[in-house]
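2 protein chains.
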Amino acid sequence: MSQKLGLLTELIDALCCLPGVGPKSAQRMALHLFQRDRGGAENLAKVLQVAVNTLQYCKQCRTLSEHELCELCRSPKRDEKTICVVESPADVWVINQANNYKGQFFVLNGRLSPLDGVGPEEIGLDILEQQLETNKVTELILATNATVEGEATAHFIAQIAQQYKIKVSRLAHGVPVGGELEFLDSSTLAHAFTGRRIIE
Amino acid sequence: MSQKLGLLTELIDALCCLPGVGPKSAQRMALHLFQRDRGGAENLAKVLQVAVNTLQYCKQCRTLSEHELCELCRSPKRDEKTICVVESPADVWVINQANNYKGQFFVLNGRLSPLDGVGPEEIGLDILEQQLETNKVTELILATNATVEGEATAHFIAQIAQQYKIKVSRLAHGVPVGGELEFLDSSTLAHAFTGRRIIE
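Sequence lines, in order, name chains A and B. Here this note's numbering is used: the first residue of the first sequence is 1, the next is one more, and so on. Here this note's numbering is used: the first residue of the second sequence is 1, the next is one more, and so on.
Just so you know, not all the hints are guaranteed correct.
Given that identical chains are not distinguished, each listed pair holds provided it fits within a single copy or across any two copies.
Said to hold, decoys possible - Straight line, CA to CA, 20 Å or less: simulated EDC-like cross-link-like pairs of lysine to aspartate or glutamate:
| hint | residue 1 | residue 2 |
| --- | --- | --- |
| 1 | LYS46 | GLU182 |
| 2 | LYS46 | ASP13 |
| 3 | LYS102 | GLU182 |
| 4 | LYS81 | GLU133 |
| 5 | LYS46 | GLU10 |
| 6 | LYS24 | ASP91 |
| 7 | LYS165 | GLU87 |
| 8 | LYS59 | ASP79 |
| 9 | LYS24 | GLU87 |
| 10 | LYS167 | GLU121 |
| 11 | LYS77 | ASP13 |
| 12 | LYS167 | GLU10 |
| 13 | LYS81 | ASP185 |
| 14 | LYS77 | GLU121 |
| 15 | LYS102 | ASP79 |
| 16 | LYS81 | GLU182 |
| 17 | LYS59 | GLU129 |
| 18 | LYS102 | GLU42 |
| 19 | LYS165 | ASP91 |
| 20 | LYS77 | GLU133 |
| 21 | LYS167 | GLU180 |
I should point out that these hints are in silico values taken from the structure, not numbers from a laboratory.
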């Protein structure tokens with residue numbers, strides 16, 4: 001893109017900050033917005049500007065929200081005795097959609113990764129510990145991802161919680177619903193065997 | 001996404017207006033912007049807002065520009081005697097990058113497609129005809145795509161230009177540079193044979 005083209009080039013460069021968007025898709029997006037969907041462009045600009053000005057991390061659960069306390073933390077209907085610890089705000093949405101879990105959340109916005117300089121404070125474990133200290137919480141559900149780093153993070157948080165004698169649980173591993181045993185990896189299958197449940 | 005999540009949900013919906021972006025990628029984009037690249041989000045919001053307010057079609061060549069007349073049309077260095085007709089502003093950029101073409105452009109922002117209600121006026125042929133009437137133009141280069149609709153559009157414009165006795169040319173078809181004959185379609189190969197050039 002030549003320097004001459006001014007604003008459109010600037011817009012294309014700006015769109016490249018989106019994940020998975022390179023110069024060619026950014027160009028296609030910019031042209032689409034201004035040739036076929038100007039209303040969409042206007043709306044996107046407005047919402048994005050509002051979001052930049054107001055989105056922040058919820059003081060209590062560290063999810064992204066436009067308020068100091070997010071909707072879930074403000075809601076009187078949520079059970080304050082359980083906290084579900086997740087890695088990302090997206091996990092909060094998934095759990096809320098799939099589940100009738102009614103407790104609170106705590107969003108790490110990352111996972112422990114000492115080599116990348118991500119220690120306990122970077123993922124807000126000091127804030128979580130303050131909440132555990134109040135003695136309101138009776139169960140901590142660790143719903144970090146089932147990756148090596150996610151497991152390590154869960155293990156670390158479990159140790160903290162046990163200092164306060166809080167019950168700690170981890171999401172069950174096993175056969176996905178609708179999944180076929182034939183295609184399951186051996187590690188998951190081993191977990192499914194160990195975690196088998198008696199049919200009563 | 002539940003109704004509860006407010007602004008982030010709105011942003012995700014707004015991002016879905018981008019071509020090739022569904023709810024899942026929009027969610028990934030929104031989280032990426034606000035967790036890892038807030039500066040990028042801010043910049044994107046600003047540039048997009050400016051673009052929405054100022055981008056318009058250039059009066060002369062119908063490309064997208066923030067001015068009434070685009071940079072290329074204002075530039076005194078461009079040769080006014082040739083006009084290159086293309087389907088999209090992206091084509092202008094590609095030609096400018098690849099080429100030492102120094103004439104003017106005319107952007108159709110589409111192609112003739114009577115079934116979709118796209119007639120000559122929708123692609124600005126009345127404006128092009130006014131420019132041909134002035135007798136300044138000596139050659140019209142038809143650089144519409146080599147698709148059926150692109151060819152039909154080129155044919156239609158050629159007929160108009162010939163009324164004003166203006167020389168009309170069409171981009172050459174042939175073997176792409178670096179291409180292997182083995183993988184070339186027969187139609188392109190036929191064109192390459194007909195258009196063969198004597199080596200002197």
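So, going through the hints one by one against the coordinates:
Within a single copy, LYS46 and GLU182 get their C-alpha atoms no closer than 50 Å, and across copies no closer than 52 Å, so neither meets the 20 Å cut-off. Taking the closest pair of Cα atoms, LYS46 and ASP13 come within 20 Å of each other both inside a single copy (19 Å) and across two copies (13 Å). Proximity of LYS102 and GLU182 under a CA criterion of 20 Å is satisfied in neither setting, with 35 Å inside one chain copy and 64 Å between copies. Proximity of LYS81 to GLU133 under the C-alpha cut-off of 20 Å is restricted to the intra-copy arrangement: shortest distance 13 Å within a copy versus 80 Å between copies.
Taking the shortest Cα distances, LYS46 and GLU10 sit within 20 Å of each other both inside one copy (18 Å) and across copies (11 Å). With identical chains, the CA atoms of LYS24 and ASP91 are at most 20 Å apart between copies only, with a shortest distance of 12 Å across copies and 31 Å within one. Taking identical chains as interchangeable, the C-alpha atoms of LYS165 and GLU87 are never at most 20 Å apart, the minima being 23 Å within one chain and 69 Å between chains. When the C-alpha separation of LYS59 and ASP79 is checked against a cutoff of 20 Å, the pair qualifies only within one copy, where the shortest distance is 18 Å, while the shortest distance between copies is 62 Å.
For the identical chains of this complex, LYS24 and GLU87 are inter-copy neighbours only, at 17 Å across copies versus 32 Å inside a copy, given an alpha-carbon limit of 20 Å. Neither within a single protomer nor between protomers do LYS167 and GLU121 lie at most 20 Å apart by alpha-carbon distance, with minima of 22 Å and 72 Å respectively. For a Cα distance limit of 20 Å, the shortest separation of LYS77 from ASP13 qualifies neither inside one copy, at 45 Å, nor across copies, at 27 Å. With identical chains, the CA atoms of LYS167 and GLU10 are never at most 20 Å apart, being 53 Å at best within one copy and 37 Å at best between copies.
Taking the shortest Cα distances, LYS81 and ASP185 never come within 20 Å of each other, neither inside one copy (35 Å) nor across copies (68 Å). Taking identical chains as interchangeable, the C-alpha atoms of LYS77 and GLU121 are never at most 20 Å apart, the minima being 29 Å within one chain and 59 Å between chains. For a Cα distance limit of 20 Å, the shortest separation of LYS102 from ASP79 inside one copy, 6 Å, qualifies, whereas the shortest one across copies, 70 Å, does not. For the identical chains of this complex, LYS81 and GLU182 are neighbours neither inside a copy (40 Å) nor across copies (70 Å), given an alpha-carbon limit of 20 Å.
Taking the shortest alpha-carbon separations for LYS59 and GLU129, only the intra-copy value of 14 Å comes in at or below 20 Å, while the best inter-copy value is 63 Å. Taking the shortest Cα distances, LYS102 and GLU42 never come within 20 Å of each other, neither inside one copy (37 Å) nor across copies (34 Å). Taking the shortest alpha-carbon separations for LYS165 and ASP91, neither the intra-copy value of 26 Å nor the inter-copy value of 67 Å comes in at or below 20 Å. In this assembly of identical chains, the alpha carbons of LYS77 and GLU133 never lie at most 20 Å apart, being 22 Å within a copy and 73 Å across copies at closest.
For a Cα distance limit of 20 Å, the shortest separation of LYS167 from GLU180 qualifies neither inside one copy, at 33 Å, nor across copies, at 67 Å.
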